[in-house]
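Here the protein sequences line up with chains C, P, Y, A and W, keeping their order. So the first sequence is residues 614 to 1037, counted in our numbering. So the second sequence is residues 6 to 339, counted in our numbering. So the third sequence is residues 166 to 634, counted in our numbering. So the fourth sequence is residues 136 to 391, counted in our numbering. So the fifth sequence is residues 136 to 391, counted in our numbering.
In short, the hints are calculated from the structure, not lab data. Note that this is a predicted model, so its numbers are computed, not measured. There's no promise every hint is true.
To be verified - Cross-link-like lysine to aspartate or glutamate pairs, in silico, EDC-like; alpha carbons within 16 Å at most:
#1 P:K50 x C:D855
#2 P:K190 x P:E180
#3 W:K238 x C:E1034
#4 W:K156 x A:D283
#5 C:K631 x A:E210
#6 Y:K627 x C:D855
#7 C:K631 x A:D283
#8 A:K156 x A:D208
#9 C:K637 x A:D283
#10 P:K193 x P:D210
#11 C:K773 x C:D750
#12 W:K156 x A:E276
#13 P:K198 x P:D210
#14 Y:K382 x P:E176
#15 A:K156 x W:D279
#16 W:K282 x A:D208
#17 A:K156 x W:D259
#18 C:K631 x A:D218
#19 P:K50 x C:D788
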Amino acid sequence: MNAPIPSTERRRAPTDWKGADMQKRIAARYSSERRFRMIGLTAILMSAGFLAFLLISMLHEGASGFTRTELAVRVDFPKAPIVIDPATLRGEGADAVLASVNWQALTDQAATGALGQDGVWIAPGAWLVMRDAVKADPSLLQKSVTLSLPASDDLDIAAKSDGSPEAEAAYARLDKAGIATRAVNWDFLTSSDATDPTQVGIWGAFKGSLLTMAVTLLLSFPVGVLAALYLEEYAPRNRWTDMIEVSINNLAAVPSIIFGLLGLAVFLNVMHLPRSAALVGGMTLALMTMPVIVIAGRNAIKAVPPSIRDAALGIGASPIQVVFHHVLPLALPGIMTGTIIGMARALGETAPLLMIGMRAFIASPPGGITDPATVLPVQIFLWSDEVSKGFVEKTSAAIIVLLLFLLSMNSIAIYLRNKFERRW
Amino acid sequence: GCGDQAGTSGGGSARDQIRAVGSSTVYPFATAVAEQFVQNNAGMKSPIIESTGTGAGMKLFCAGVGPQHPDIENASRRMKKSEYESCLANGVKEIIEIQIGVDGLAFAESNKGPGFKLTPELVYKALAANPFGKGENKAQTWADVDPSLPKVAISVFGPPSTSGTRDSLSELILEKGCQSDPAMKELKEKDEKAYKETCTRVREDGKYIDSGENDNLIVSKLGANPNSVGIFGYSFLEENRATLKDIPLNGVEATYDNVASGKYPGARPLYIYVKKAHMQAIPGLQQFVAEFPKAWAPGGYLTKRGMVAATEETRAKNAEVATSLTVMDGADLK
Amino acid sequence: MNGVAIVTLILGLGLVAWLSARAKAVRLAPAPSGGASRNRSGRPLLHSLPVYHGWYAALWVLAPALLFLVIWANVMPGLVTERALQDSAAAALPIDAMSRSAILTEARNVALGNAQAAFDPRANALIEPYRSAHRFYSLGGALAALMLAFAGGAFAFTRIRPDFRARTKVERVVMSALLVASLIAIVTTVGIVGSLLWESLRFFAMVNPFDFLFGLKWSPQSAAMGYGNEDAFGAVPLFWGTIFIGAIIAMFVAIPLGLMSAIYLTQYARPAARAWLKPMLEVLAGVPTVVYGYFAALTIAPNLRDFAAWVGISNASSESALAAGLVMGVMIIPFVSSMADDSINSVPQSMRDGSLAMGATTSETIKQVLIPAALPGVVGGVLLAVSRAIGETMIVVMAAGLAANLTLNPFASVTTVTTQIVQLLTGDQEFESAKTLAAFALGLVLFVVTLLLNIVALHVVKRYREAYE
Amino acid sequence: MPQSSTPKMSARNVNVFYGEKQAIQNVSIDVDTDNVTAFIGPSGCGKSTFLRTLNRMNDTVASARVEGEITLDGENIYSSGMDVVQLRARVGMVFQKPNPFPKSIYDNIAYGPRIHGLASAKADLDVIVESSLRRAGLWDEVKDRLKDSGTALSGGQQQRLCIGRAIAVEPEVILMDEPCSALDPIATAKIEELIHELRGRYAIVIVTHNMQQAARVSQRTAFFHLGTLVEYGSTSEIFTNPREDRTKDYITGRYG
Amino acid sequence: MPQSSTPKMSARNVNVFYGEKQAIQNVSIDVDTDNVTAFIGPSGCGKSTFLRTLNRMNDTVASARVEGEITLDGENIYSSGMDVVQLRARVGMVFQKPNPFPKSIYDNIAYGPRIHGLASAKADLDVIVESSLRRAGLWDEVKDRLKDSGTALSGGQQQRLCIGRAIAVEPEVILMDEPCSALDPIATAKIEELIHELRGRYAIVIVTHNMQQAARVSQRTAFFHLGTLVEYGSTSEIFTNPREDRTKDYITGRYG
Ligand SMILES: Nc1ncnc2c1ncn2[C@@H]1O[C@H](COP(=O)(O)OP(=O)(O)OP(=O)(O)O)[C@@H](O)[C@H]1O
Ligand SMILES: Nc1ncnc2c1ncn2[C@@H]1O[C@H](COP(=O)(O)OP(=O)(O)OP(=O)(O)O)[C@@H](O)[C@H]1O
Ligand SMILES: [Mg+2]
Ligand SMILES: [Mg+2]
Ligand SMILES: O=P([O-])([O-])[O-]
């Protein structure tokens, strides 16, 4: 028998829960609980409110970037000084034939012909629309048609907010005459960078981001997960693994531009991979993303209760099987979190890409990962630095596209995360 | 069995696109020319213009000849002697130098601003760290600098010390203001370094605010801070006349004509440098270079974008260089 | 033979090996009727599942052949050049090594279709010899790779026996892959130190390291414009600015908001709300920093300045540490919230139950049981957040300015190490000067400082972590 | 030590569901302080589930839903005004699977007294920790290692630690879910002694699979089967003269 | 079903340490297939620890260190050439705290057979799952909910699930750490029946606190005390005529 229980202890009565002291204490604890809960709610609301504010102001400023003002211009092709046979536009060599025409002059002429003085409000690049219309349907050349040509930047701004007095007046005139209309700017979604805000498109940068992120994900995810598994499950605990752990944590704190320097030195100067390419951008960003995945992954792996490992080991699963059958699936939500925030950061990154040549004017979308490309944040950055005011809304519109990209990228990961999430 | 790998390890892959690197100031003009080049030359791929900053671009440009190195360097200043030598050392021997135009430096304030009227001398007195070497700059308000000026705190948004635009500010405004004191001219003869320090060093107590490379941000900040002065590229002033007004220097307003003629103090030349050795190997490079002279005259699309045209004489000389592809000498570089 | 084709061919062989080895193992296996190591008749079962035999064979086909191809790709250019040089055309080459290799490179690029035309006419004569030498060696390499693949496959195939420990072998390969993956982090670290160290040493040859590390004055314009190096490179204000903005102000926002959000989401919110809100918050991390920068510079900063002026702080500037720090704090909320959320959520339910059953309130349970058990994840999230804040440039440039002030006043303008690095590296200046090299030295010192911070954090976590089970 | 015989806790028509599945059907039961109540029944019959409804621990299982009325001192514990925290402090619980906190042995015991403010000084707390560990029969084994983690104990030690933790706050009702399952006979005897000692002042409910134990420690026994309360009465009667055949079969080991 | 009487497993001079603390001192023991061996002893005496050395589960505890020799079929399981994975497949284990995988009941049982390739087709696997659950006495309770998570079972059900999981791979040696602690008499009887059925073909070691159970199921009994093996011999002798006083005191409940 143990030493006898002290007799005073024997008589300890049940705690007096109804006593005034206890009631006071409980009231205090409850109000602290309520306070805590309120703080939590406030925190959530503040964070969410901030996000909502950002999103709404972006939408507010950027939504108009997806539309443009168009002017209805009547073009009388048979009377125009073009000497091409529509038949030659149907076969090989159509491009050469098209190139022989001075579309610019033709468009200007048509615009002044149709709108008189207001012809100057046609966008400088409107001739592209005219050319493409003819290319698509050569029979137009024998007709007189009304084409919707994009209006110039100044008029567009006047239509959307307030522009220069002349533009405002012109817009009022054209709008009244029913010539000016607002239309969805599909070109913005399908074309690439340009110097005229009415002609820019986001597709090139979008595709560049897509390719770059694909490379980043394909490299950083497997490497990050494998490294996390090794360090948490197999590595002996000693000075060396501590060192690896610290150095991985530290990589996360290295300024991104230094990864750019590393990418420049290793991928471009040593490995001679092509400059400005999504491949190199992706590899550089992967170096930056990997530590985030490793850190989040390790924490998630640590959180898996040891009894589950014991259970599997106890029926003869090999350490590798234990990890791949049990630990990894249970840790996956946490790994996904790391991947989401790591990739989100990579998606918004500009500085390292500058070092490897992605801050560039690239007017055609990349065909593959070795083609010159730029990415959405760099495009946003470049546009935000443009002189022309027409770029303001384009910048916001590009940000919306970036956020949509981010949301769709995340939602896949989030779907997986929710699918795997379990309590134990 | 592995030709592709051997190819890449041999350095550089096939290239049928022009590549240019360099100044962010020249970038919008180079891209405009690139766009026109594509439209005028059916089937040509669009050139790739990188905005790396003049210095970083020089390093890339001078690294060597071959498809893995850029063909063109955009510069918001002349090539330096050291850079030219590094080019030579790396086998970039024949370089064509073309001045494409001039960049204006504009002083502006918000429409709601007090209406500054400045001179290089006043600017110097307000901004220098050590005006005329007479000790630390204590001026807090513009009125402290000169009683004729409004009594508002000095607050100037300007280019950061790492940018080329800042060089222009030093050279075109501060030094001029500094030289209003004859002692400074003497100092220049005696001690170049001390002169430079006295005349171009800007105070660091928060009155002059380095504002990154983003001129639109300065424009917006002027809106939010109506008593401040902004210094930035002339084209931004032109584009934002609705919210900004220019600040006359020496009584001269910052209009296009005044900047182009040099009456408004504050303009610097812009250049492109081209590798002659690439002329044959890179398709379209010759036409691309030839596209510049078509665009740089007053009224051309480059001036519409805010570039200031060079003088007629300069234009003629450089157009000649662009067609005959005359190689630069390098002897007069600094 | 073309590279892609041969690699595809070898991959195909690997698949064949996988299928046939697995089939052979299945055939060898007795009908499974007994226990893990033998069946009732006493005949041993397969040591390993048939798939492992399949993988074993596939690895033997793929690994040697692909490894050979990689090595071959690296040595082949040399061999090709050597063979091409035996051609008579090579006699015309200049003796001078540099121009000689330039011409050779050109000839090779044209021969392999990487360039349209050579810049030097002497290269033209060498193109054809190059081409034939290349054809010779690539064919040879392809044959050798195929032979290796077959040999490897045959070897693996003969080893398939019921007691053969295929799983052990395959797992050893997997294990090495894991090891290699974690070594990549080390290699990256070494690469970063390497790329910083050399230039930093050059910098320290020009500037006294003591002045750099302990100097109290950083003058960006002296650094950039060359008024001399004295007094220009004192990095203390930069480090203070970094800590002030990234580790103090931003953390004042991010830790409470992030941690409390995570707690609310895991413990109080309905699961449906959590499923929505958590990913929503993660969007904050992906908003491009230009956007935050504009917001900080144009909305927050002027208001803060007016506020400061109103409460009577005289030298409030339109760029302030506070504006940048606050916005940066918002940006990194998800780093804290999501990682804390995951760790708190994965504390076993029995711990929660244990505490609640003692009459603890939810908040007591969180503070005293859940957070200590989830500590590694929470600290990991905070460290990531600080790291992210330290690495941020755009917000600082736009909202806090570039002036290196050593000040405690949050309404004053300060700058950070990373911002200066970016400015120095991307600005317009000569590359070999102390100004640019300073960027590397800053990077190196920052690296060392964060390393020390991480070591401390590691020990803190080890000391206070409460491991369940 | 005779006390009022009004029930300390009583349950009326309680149903418990896990999602669609009903785990407890229409159970009504009274628990008082004079008697120790034993819950017996085959594994999976709902003993733990019902026990957990008595201090609302089922609230933590997302899929669980409780219907019916349960009162503590006449107050409905499922009413909206109920203070769950105080309820759980008053109705202590020892879980079926030992779940020590990943804290030191000392802190495990001190956890409850600390949050409820039962000790004003460190010395008081030391007394509480020692007496609780003694009463749980663990003191001698751990007195030299109070700083060690509670998770580094053997299974039986963990179980006793959890018992000690539960009694440290001196609740009014103590629910024990198989408190002796991992204990050797001696440790079991100590816990049974503890139960005897507590009886009269505290209402005690104990789930056990050990019929002998139920017979030894309890005065009233409830037999559960497939989620229903088959029989509830004085222990001696249940064990000697059960009304229901199912009860008899189970007790005599013929059931199954 | 008499078989050779060479020991299936034997331990010689085994010492186990947790860090500095020694939990097992100099234990030597033989286990064979003819007899079921029971480990008894007070809580915390080292039964679980010793059991875990027999299939090297102690490798997973960072602070644990094992000295001495343990052989399986004459082969030293702590030798460097030992395939630990196969060892654990041959020496199965049921843990003291039930630890089902957070997977479905079906997958819990099927996991072992799957990784060891014991079933070539889904139908075979179904047969294994059903027979394992039947033998563990759980089939009837869960046959309609095989897709439910193993963690949503009652304590006793989880324990039987873990027993079923261990026997599904038909190991040669089965180590059971208090397999019936959470079970009612009927379920206990089923597990005991299972043990009887397995005896002869498998070597079985069972840790129990229930003397009656030890007497019922085992032929040989080992009594541990404070980390030492006090006495090891035939069960009937240990229970009727123990050599050591400590053993006698423990068995008769006088110890403590
Ligand atoms: N992980 C561990 N670290 C340190 N000490 C431990 C650990 N696990 C067990 N011990 C200690 O080792 C001793 C033997 O523990 P063990 O679990 O083997 O006991 P047991 O005989 O199984 O007891 P029970 O019947 O209570 O389960 C105990 O004193 C225990 O506190
Ligand atoms: N979280 C849960 N979700 C769904 N079903 C559950 C859950 N917990 C328990 N059950 C089921 O509810 C029934 C009653 O379970 P309970 O744990 O109350 O049994 P018990 O009487 O305590 O059994 P044991 O003696 O084995 O512990 C069982 O059929 C069990 O499978
Ligand atoms: Mg139960
Ligand atoms: Mg034990
Ligand atoms: O980019 P810049 O060289 O013109 O400053």
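Pairwise hint evaluation, D283 (chain A) against K631 (chain C), where the allowed Cα distance is 16 Å at most: Cα-Cα ~35 Å, so violated.
Restraint check for K156 (chain W) with E276 (chain A), where alpha carbons must lie at most 16 Å apart: OK: K156 (chain W) and E276 (chain A) at ~13 Å, within 16 Å.
Restraint status (C-alpha distance of K190 (chain P) to E180 (chain P) at most 16 Å): holds (10 Å)
Restraint check for K382 (chain Y) with E176 (chain P), where alpha carbons must lie at most 16 Å apart: violated (25 Å)
Pairwise hint evaluation, D210 (chain P) against K193 (chain P), where the allowed Cα distance is 16 Å at most: violated (26 Å)
Pair hint K156 (chain A) and D279 (chain W), alpha-carbon separation not exceeding 16 Å: Answer holds: K156 (chain A) to D279 (chain W) is near 12 Å, not above 16 Å.
Pair hint outcome, K627 (chain Y) versus D855 (chain C) [Cα-Cα no greater than 16 Å]: holds (11 Å)
Agreement of K637 (chain C) and D283 (chain A) with the hint, judged by alpha carbon distance not exceeding 16 Å: violated (34 Å)
Distance restraint between K631 (chain C) and E210 (chain A), which requires alpha-carbon spacing of 16 Å or less: Satisfied, since the Cα-Cα distance of roughly 13 Å is no more than 16 Å.
Agreement of K198 (chain P) and D210 (chain P) with the hint, judged by alpha carbon distance not exceeding 16 Å: This hinted pair is violated, its Cα atoms lying about 23 Å apart.
Hinted pair K156 (chain W) and D283 (chain A), Cα distance within 16 Å: Satisfied, since the Cα-Cα distance of roughly 12 Å is no more than 16 Å.
Distance restraint between K50 (chain P) and D788 (chain C), which requires alpha-carbon spacing of 16 Å or less: Since the Cα atoms of K50 (chain P) and D788 (chain C) sit roughly 38 Å apart, the hinted pair is violated (cutoff 16 Å).
When held up to the earlier numbered hints, the structure conflicts with 1, 7, 8, 9, 10, 11, 13, 14, 16, 17, 19 and fits the remainder.
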